[in-house]
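Student: Reassemble the complex: the two chains are provided individually, in unrelated frames, and hints are given to aid placement.
So the protein sequences, as listed, match chains A and B. Numbered per the numbering used here, the first sequence spans residues 1 to 290. Numbered per the numbering used here, the second sequence spans residues 1 to 328.
Honestly, the hints are just simulated from the structure, not real lab data. Accuracy of the hints is not assured; some may be wrong.
Calculated cross-link-like contacts (lysine-lysine; reagent style DSBU-like; alpha-carbon spacing at most 35 Å) [to be verified]:
no.: 1; chain 1: A; residue 1: K214; chain 2: A; residue 2: K80
no.: 2; chain 1: B; residue 1: K73; chain 2: A; residue 2: K131
no.: 3; chain 1: A; residue 1: K277; chain 2: A; residue 2: K214
no.: 4; chain 1: B; residue 1: K167; chain 2: A; residue 2: K159
no.: 5; chain 1: A; residue 1: K159; chain 2: A; residue 2: K131
no.: 6; chain 1: A; residue 1: K160; chain 2: A; residue 2: K131
no.: 7; chain 1: A; residue 1: K99; chain 2: A; residue 2: K159
no.: 8; chain 1: A; residue 1: K80; chain 2: A; residue 2: K275
no.: 9; chain 1: B; residue 1: K73; chain 2: A; residue 2: K80
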Amino acid sequence: MSLVSETARGAGSRSGSGAFLPVAPGKKPAAAGRISLANIVHSYSREAAPVIDGLSLSIEPGEFVCLVGPSGCGKTTLLKLVAGFEFPEGGQVVVDGSKVERPDGDRAVVFQHSNLFPWLSVRGNVELGPKLAGIGRAERREISDRLLDMVGLEDAAEKKTWELSGGMQQRCSIARALATDPAIILMDEPFGALDAITRERLQDEILDIWRNSKSTIVFVTHGVDEALYLGTRVVVMGDRPGRILLDLPIGSFGAETGGDVRRSVRDSTAFLDLKRKVRDTIGHSGKEED
Amino acid sequence: MSSNFIKIDEKYSGQEAPGSPAAGPQATLAAGATAEPQVFPPPNGAARYDTPVESGSGQRGRKRPGRVPRWVKQVAVQLSAIAVLIGIWWAIAAAEVWPPLLLPGPQDVFQQLFVITGYHDGIRGYSNYFLQEHLWYSMSRLLQGVAYAIVLGVPVGILLAVVTPLKWIFGPAIDFLRNLPPLAYFSLLVIWFGIDDTPKVALLFLAAFPPVVIATADAVRSVPGERVNAVRMLGANRFQTILHVTVPSVMPEVMTGIRLATGIAFTTVVAAETINGIPGIGGMVSDAQRYNATDVVMLGIIVIGLCGLAIDTLIRLADRLLVPWRGH
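Okay, chain B solo, but in the shape it has when bound (with noise of 0.2 Å):
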């Protein structure tokens, strides 16, 4: 409290003389403040009126050029938030807490990503595989599942909207393909589709088909009356309805639903891949988890979590680029 009575009466000196700004006490005060003469001197006595003026001019400097960007010192914090998060792993590790087959150190999972990105004594990769690799099968099976999951369930989620007594068979049934756990029906899957890729995509695809079809067929039902009628009023017919307003309508939402539906098939990956999962990084995971190889438990963990990162950044580019009109 202190310090702000004295700045109050730097300002009132620098009020007594507005042609020296930099004169005297003033120049001891934050860079924000010092160009500023105040224009209404606070009445006498109500000194702490006047405190929330002196931040909200300091808070106007912190836009100045020259300043170290907002986003910059976001990032600054957050790396040093993770390199404080590593030294305290490897502080543990280190000091021998649980036996390092349990709990390795960040330096030998580090270490492990050298070795299953090439060859090591050898073996190719883990499993015979890259670490890439692995990721490439991943990535490219929950590809075709989302895909077949948008193909599919956009026109079904128009036809669920359009169709209500299609709504009253199909809603229910699509709830309780949401509900269930993407392991309940992988085991039928397997008995029905054998164990090679195609129950791995049929699951990703069962996982990531309901977000799709809900978030069309809402979209598709709230589109505003009166946006309708504005292009029916300008001359066009049903299919023109649809082309010029139905579709750019929906869309923000749908890209919401696909958005959803990406990270829900994302995290049935490994579920997807404990069967026959190599290669696959979910494979690489569970095959390693049965030989207590941590370290590449571990590691395939970190790259699951950073590639689900990538792919919902990509997303979000994406809808950027193509529902720019979103909110409005």
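Next comes chain A alone, as it looks inside the complex (with noise of 0.2 Å):
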């Protein structure tokens, strides 16, 4: 907090001066991160059927929304579609009420792997965000420092991005999609190349960063488990052509309860008719799960 009143020039930061303070609670306008999805259609090349087809999804701010669904069902497309590395041939991704038109710092990736730039530092890749936009060089340190501490890689700072393990980098990526002070954080099946205890640690370290943030999550996985648990919503898709086929509201399980005590949670009644009711949608839709 007090990093705003030091800083208050405001140096081409897109939300004011409040950006930049992700962990900072009530800075964000209360809008931000809205996500609307309209009659959407894609395709890869001209000649082949859409990959998605006419499919609408509206996402409100502070949403933790899990995509689950078989493999090319579309979900990653939807992601890079969200996130403006790619343009649907119909209908319209609009984001807190304008036209996706190019990728923005407002909108944060996390990719499948952690895709950091090896010639920069762990804090290099941090930095870069707010370094791009213009922040100034102990402000920067500021926002490493914070976001390093907050994913556990304080001690790690120096050190190059190939040094660090799966996990560790990561969770560099989380806090280099952080920096930007994200309204939207978008994740593409993050942990599925971690190892099971990694990826645990990892689910509730999100979840506490979405706590914290307020930030709108959409989150592309292949578990069912890892979806119930995270969100706060799971959107069940379907393949050729890619469409939603539920839409659950689920309130949330990991983020109300802590990571202490997952085991009761996945063993919940609750819980397993939720697994059950979104095993058998996927099943229904003729694929079944990877």
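Tutor: Here it is in structure tokens:
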């Protein structure tokens, strides 16, 4: 909080002087982080059948939406459309009232493979976003200190990215994404390549981050358990063409209980019922889950 | 095989008395094996399965302090090999299988090193230039040729990668140039530029240019899209994307291209200096050939070879400093 008063010059930050403080609660404009997809049609080549055909989805600020579905159902494509890496052939992607026309620091992406810049140190990776936005050196340093501390990489700040383990690389990737103080965090199977223990730990960390930042999170995953544990809403997609089969507001299992009672949550009747429901939906779409 | 069986017996005895590892027949074992009593006794009659364990503990012993490091061994073996080679050369020369004019001994070549690095019988070096001066002129030509190739080759490579019609036009031209032997167009360069330094530098430039262009163009084309997306989602504009991702992404491949180009230019130096090449190490060699100064020719070859190795080592060092992330 003190950072804001010290540096009230708003150097190119998109959402005023409160930007770059992802942990500061209530700093973000209340409306930031609304995603609206309307009648999306998208295909990779003109000849091929559309990957996504007539999909509509509305996401409110602060939601934690998990997208599950079989491989090739267009989950990742959907994420790319929201990120602005690709553009739909039909329909509109609107974020906070404006059409998505290019990627932006307001919509951070955490990739399946950490996708860090190997020529930069861990800290350099985290500081790149603020640097591109014209934030001064001292303030960048404060941002990276705070975020690296948040993801538990404070001792690895000066390391090369390839010296980190897979879990640490993904932590760094999360810190890098948070450094631009995004209203929306898009995560594409971010824990898919990690071992089970690291994955569970990072799941709880991302819940912490979500609680503190009030960002909207769209999380693509293969795992039904993961989706139910993390999300406040689970959207099940079917393939050929990609469409929404089930849109399930579930409250939040992980977010309200915390990681220490993970096991009891997963064994609870409510969780298992939902899990059956999601699995049945995926099963009925004619493809088994990966 | 029999020695292996003896060792296994010794290990069994060590197994029986783990408290005294240095006692008894174990003292005769290799240093690496003595300190460790077998934790898992090999099953009876399965002696052969145990032998790898024996050699494994021996390897662990090699890393212990006090042993000769591997690189020292390597250098020692390499130096010995060179010494043997020079010995054979000396023996053949001394036996005068061929007349000394054709095959001077190593001592003659070595003596030339002193003759042409200083004044000898009132003559300054070779053809009025010391060996180091010949080398210096050649190296400065090489440096100029390669420098032009880098300064022009990198932007041209980027352009060819980005502007597709340019690739259609100039891609085959670059390939054409790359496949020409430098001597083929040297005559043309002499006709155009005379016999001074210009055609030589131009030749080295033309030899070094294609590898730099091709490496750069390939590198730019193969920048991973995900990496570009990663910087764009941080809010980078087009210029920032090029500066912060494209440039560092292509650097490893460009450095490889430069290393390749320097090597090709270096092998072209002697060809470039066949006409009016003095001062120049290649000129020295071709001039000495005209006068059957075989010892000077051989000295020139050795110096050129060592110089090439030195330059390649320097570039590899620079590569390690400039692109430590290579391969990641």
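Student: Confirm or reject each hint.
Tutor: Against the structure, the hints come out as follows:
no.: 1; hint: K214(A) to K80(A); result: holds (22 Å)
no.: 2; hint: K73(B) to K131(A); result: violated (49 Å)
no.: 3; hint: K277(A) to K214(A); result: holds (28 Å)
no.: 4; hint: K167(B) to K159(A); result: violated (40 Å)
no.: 5; hint: K159(A) to K131(A); result: holds (19 Å)
no.: 6; hint: K160(A) to K131(A); result: holds (19 Å)
no.: 7; hint: K99(A) to K159(A); result: violated (39 Å)
no.: 8; hint: K80(A) to K275(A); result: holds (27 Å)
no.: 9; hint: K73(B) to K80(A); result: violated (55 Å)
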